[in-house]
Amino acid sequence: GGYSPKYRSTVWQIIFLGSLAALCVITTIFGNLVVILSFVLERNIRQPTNYFIASLAVSDLLIGAISMPFYTVYLLAGKYWPLGEFICDVWLSTDYTLCMTSIYTVFCITIDRYCSVKIPAKYRDWRTDRKVLFIIFLTWIIPVVVFFTSIIGWQYFVGGRTVLEGRCYVQYMEEEIFNCILQVGYFWTTLVIMCVLYTGIYKVALQLQRKSDAKHKKMTSLVSMAGQIMTKIGIGMSQQQKTLDTAKFF
Numbered sequence: 001g002g003y004s005p006k007y008r009s010t011v012w013q014i015i016f017l018g019s020l021a022a023l024c025v026i027t028t029i030f031g032n033l034v035v036i037l038s039f040v041l042e043r044n045i046r047q048p049t050n051y052f053i054a055s056l057a058v059s060d061l062l063i064g065a066i067s068m069p070f071y072t073v074y075l076l077a078g079k080y081w082p083l084g085e086f087i088c089d090v091w092l093s094t095d096y097t098l099c100m101t102s103i104y105t106v107f108c109i110t111i112d113r114y115c116s117v118k119i120p121a122k123y124r125d126w127r128t129d130r131k132v133l134f135i136i137f138l139t140w141i142i143p144v145v146v147f148f149t150s151i152i153g154w155q156y157f158v159g160g161r162t163v164l165e166g167r168c169y170v171q172y173m174e175e176e177i178f179n180c181i182l183q184v185g186y187f188w189t190t191l192v193i194m195c196v197l198y199t200g201i202y203k204v205a206l207q208l209q210r211k212s213d214a215k216h217k218k219m220t221s222l223v224s225m226a227g228q229i230m231t232k233i234g235i236g237m238s239q240q241q242k243t244l245d246t247a248k249f250f
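Note that our numbering numbers the sequence shown so that position 178 is 178, with each residue one more than the last.
Among the hints, a few may not be true.
To be verified - Think about it this way: if two alpha-carbon atoms lie no more than 25 Å apart in a straight line, the pair counts; the simulated SDA-like pairs of lysine to any residue are:
1) LYS122 / VAL144
2) LYS211 / CYS115
3) LYS203 / LEU182
4) LYS122 / ASN50
5) LYS79 / MET68
6) LYS215 / GLY200
7) LYS118 / LYS215
8) LYS118 / THR94
9) LYS79 / PHE16
10) LYS211 / MET68
11) LYS79 / TYR202
12) LYS131 / SER212
13) LYS79 / CYS115
14) LYS79 / GLU165
15) LYS118 / CYS99
16) LYS118 / TYR202
17) LYS131 / LEU23
18) LYS131 / GLY84
19) LYS122 / ALA21
20) LYS79 / ALA21
21) LYS118 / MET173
22) LYS131 / THR110
23) LYS131 / VAL196
24) LYS118 / PHE16
25) LYS118 / LYS211
26) LYS131 / PRO69
27) LYS79 / LEU20
28) LYS211 / VAL192
29) LYS79 / THR162
Treat the hints as calculated values from the structure; they're not laboratory data.
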């Protein structure tokens with residue numbers, strides 16, 4: 001059977017929530033578009049490390065242009081989906097792909113920063129344009145394969161579609177074990193590793209700060225010592241000059 005929404009938004013709710021969602025969509029698209037245009041037009045910032053930033057901006061822009069508008073309409077309609085099963089599955093596959101790509105890109109940025117402070121010389125030599133572009137390619141192709149296969153193909157794997165007509169959600173959500181493994185694999189594991197890496201970045205930064213403070217303290221001590229020596233030399237020369245003047249006087 002079909003699905004009938006349990007509630008419908010009032011006109012004022014639709015206007016308010018729709019306006020708020022439109023503002024978020026426009027802000028997301030505009031902000032990420034500025035980043036992309038800056039990367040394309042400004043040659044000086046087209047460095048390998050900024051490729052990840054540009055890729056992240058692309059995924060977030062598409063989230064703002066595709067994921068957010070469709071979900072807003074779905075939500076305002078009382079979670080009723082009028083566009084059919086195929087559009088639903090394509091939208092969900094695209095949404096999950098973009099979110100996973102965004103997560104993986106942030107993960108790559110974290111690794112890039114960690115290696116840049118931990119092994120700067122070796123990593124700078126290893127990090128070529130081709131290698132970075134290949135890594136970015138993986139952050140896009142892996143989510144495409146995982147989610148377009150699991151979301152669109154799930155109904156064929158289990159022998160039928162159980163999502164009610166008029167609803168739009170990922171069917172494998174009904175399989176707790178598979179859903180749990182997938183969530184742990186692509187989200188929680190990534191999050192834990194990122195936390196560990198940022199802890200490492202903090203420790204390295206703290207060590208560098210301590211070395212800088214020690215170096216500054218040593219330089220201050222040397223300057224102070226040199227000043228004391230110069231003062232003693234000046235006093236000695238002054239006393240010697242007074243002695244010579246006294247001898248000349250007598």
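Each hint, compared with the structure:
1. LYS122 / VAL144: With a Cα-Cα distance of about 32 Å, the restraint between LYS122 and VAL144 is violated, given a limit of 25 Å.
2. LYS211 / CYS115: Satisfied, since the Cα-Cα distance of roughly 19 Å is no more than 25 Å.
3. LYS203 / LEU182: 31 Å, violated
4. LYS122 / ASN50: At roughly 18 Å apart (the allowed maximum being 25 Å), ASN50 and LYS122 satisfy the hint.
5. LYS79 / MET68: 14 Å, holds
6. LYS215 / GLY200: 22 Å, holds
7. LYS118 / LYS215: 20 Å, holds
8. LYS118 / THR94: 36 Å, violated
9. LYS79 / PHE16: 17 Å, holds
10. LYS211 / MET68: 47 Å, violated
11. LYS79 / TYR202: With a Cα-Cα distance of about 44 Å, the restraint between LYS79 and TYR202 is violated, given a limit of 25 Å.
12. LYS131 / SER212: Violated. LYS131 to SER212 sits at ~33 Å, over the 25 Å cutoff.
13. LYS79 / CYS115: Violated - the C-alpha atoms of CYS115 and LYS79 are around 45 Å apart, more than 25 Å.
14. LYS79 / GLU165: Holds. LYS79 to GLU165 sits at ~12 Å (cutoff 25 Å).
15. LYS118 / CYS99: 29 Å, violated
16. LYS118 / TYR202: 11 Å, holds
17. LYS131 / LEU23: 37 Å, violated
18. LYS131 / GLY84: Distance ~41 Å between LYS131 and GLY84 Cα, so the pair is violated.
19. LYS122 / ALA21: It is violated: about 45 Å lies between the C-alpha atoms, which goes past 25 Å.
20. LYS79 / ALA21: Given that 25 Å is the threshold and the Cα spacing comes to 16 Å, the pair holds.
21. LYS118 / MET173: The given pair, whose Cα atoms are some 40 Å apart, is violated under the 25 Å limit.
22. LYS131 / THR110: 16 Å, holds
23. LYS131 / VAL196: 24 Å, holds
24. LYS118 / PHE16: It is violated: about 49 Å lies between the C-alpha atoms, which goes past 25 Å.
25. LYS118 / LYS211: 14 Å, holds
26. LYS131 / PRO69: Violated, at about 35 Å.
27. LYS79 / LEU20: 18 Å, holds
28. LYS211 / VAL192: 29 Å, violated
29. LYS79 / THR162: Status holds; Cα separation ~17 Å.
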